[in-house]
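Student: Sequential numbering from 1 applies to the sequence shown in the working numbering.
Worth flagging that the hints you see were computed from the coordinates, not collected in a lab. Incorrect hints may appear among the rest.
Think about it this way: if two alpha-carbon atoms lie no more than 25 Å apart in a straight line, the pair counts; the simulated DMTMM-like pairs of lysine to aspartate or glutamate are [to be verified]:
| id | residue 1 | residue 2 |
| --- | --- | --- |
| 1 | K131 | D201 |
| 2 | K189 | E220 |
| 3 | K80 | D104 |
| 4 | K28 | D136 |
| 5 | K24 | D136 |
| 6 | K189 | E240 |
| 7 | K47 | D76 |
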Amino acid sequence: MERWQNRVAAVTGASSGIGAATVKDLLKANLIVVGLARRLERMEELKAQLTAEQQNRFHAVACDVSSQESVDTAFDWIIKELGGVDILINNAGTYKNGQASTMDPVVLQKIVQTNLMGTVYCTQRAFKSMKERNFDGHVVLINSITGHNVHVIYGSNEPSVLNVYGPSKFAITALTEVLRQEYRGLGTKIKITSVSPGVTDTEIVPEQYKGDEIKKLKSEDVSSCIMFTLSTPPHMQVHEITVKPLLGE
1 MERWQNRVAA
11 VTGASSGIGA
21 ATVKDLLKAN
31 LIVVGLARRL
41 ERMEELKAQL
51 TAEQQNRFHA
61 VACDVSSQES
71 VDTAFDWIIK
81 ELGGVDILIN
91 NAGTYKNGQA
101 STMDPVVLQK
111 IVQTNLMGTV
121 YCTQRAFKSM
131 KERNFDGHVV
141 LINSITGHNV
151 HVIYGSNEPS
161 VLNVYGPSKF
171 AITALTEVLR
181 QEYRGLGTKI
191 KITSVSPGVT
201 DTEIVPEQYK
211 GDEIKKLKSE
221 DVSSCIMFTL
231 STPPHMQVHE
241 ITVKPLLGE
């Protein structure tokens, strides 16, 4: 991680779960970290838990990734105050319980807008910052195993409750490859990696998956995958990391 010392990492969805765990790990690795999330107060609570030195390197910025205006305002601040974005962790995401066949289309649109377009908005701004400074940065997209296969609850005959969450993550899988090819075609060495966790114990996990009988990852497990791909040498690019809880028998 030496090459990232005092570089700037932006983490979306930093107020809880995988985002908060990643913020902590990046600060431990001596990066300057900008947490982006709607819940500014939650990020301030996170900041209060840090050491004084880490608090000096952590900046909490209110941002709703589903809004291009909000994203532009946040990234304008990062560029003005910190000089640019060297690492982007696209973690922000949302989920609502229900079936795609019956849910309010407005709710479904919000899921797609946050999970897909929020990633697009943030990635465009980060890429522009890296390209303008001719810096070989790294973009990480927090995907999901539901972005590769459609999953149901183990042993259940009930209808799926994942609705358009899976399709929004399938789009992230495709977007990762599209951007990888674009970055190469545009003559950069900017890396891009998709990290696809299985069921993870976060606030957005569906109620049907919260029981102790279903094995789950911890947010720190996913953060460790992010830190691994960031630690790889400049000539090495990890395209995809898939991580699942060990189910046992």
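Student: Each of the hints needs a verdict: does it hold here or not?
Tutor: Tested hints:
{"no.": "1", "hint": "K131 to D201", "result": "violated, 36 Å"}
{"no.": "2", "hint": "K189 to E220", "result": "violated, 28 Å"}
{"no.": "3", "hint": "K80 to D104", "result": "violated, 40 Å"}
{"no.": "4", "hint": "K28 to D136", "result": "holds, 22 Å"}
{"no.": "5", "hint": "K24 to D136", "result": "holds, 23 Å"}
{"no.": "6", "hint": "K189 to E240", "result": "holds, 17 Å"}
{"no.": "7", "hint": "K47 to D76", "result": "holds, 22 Å"}
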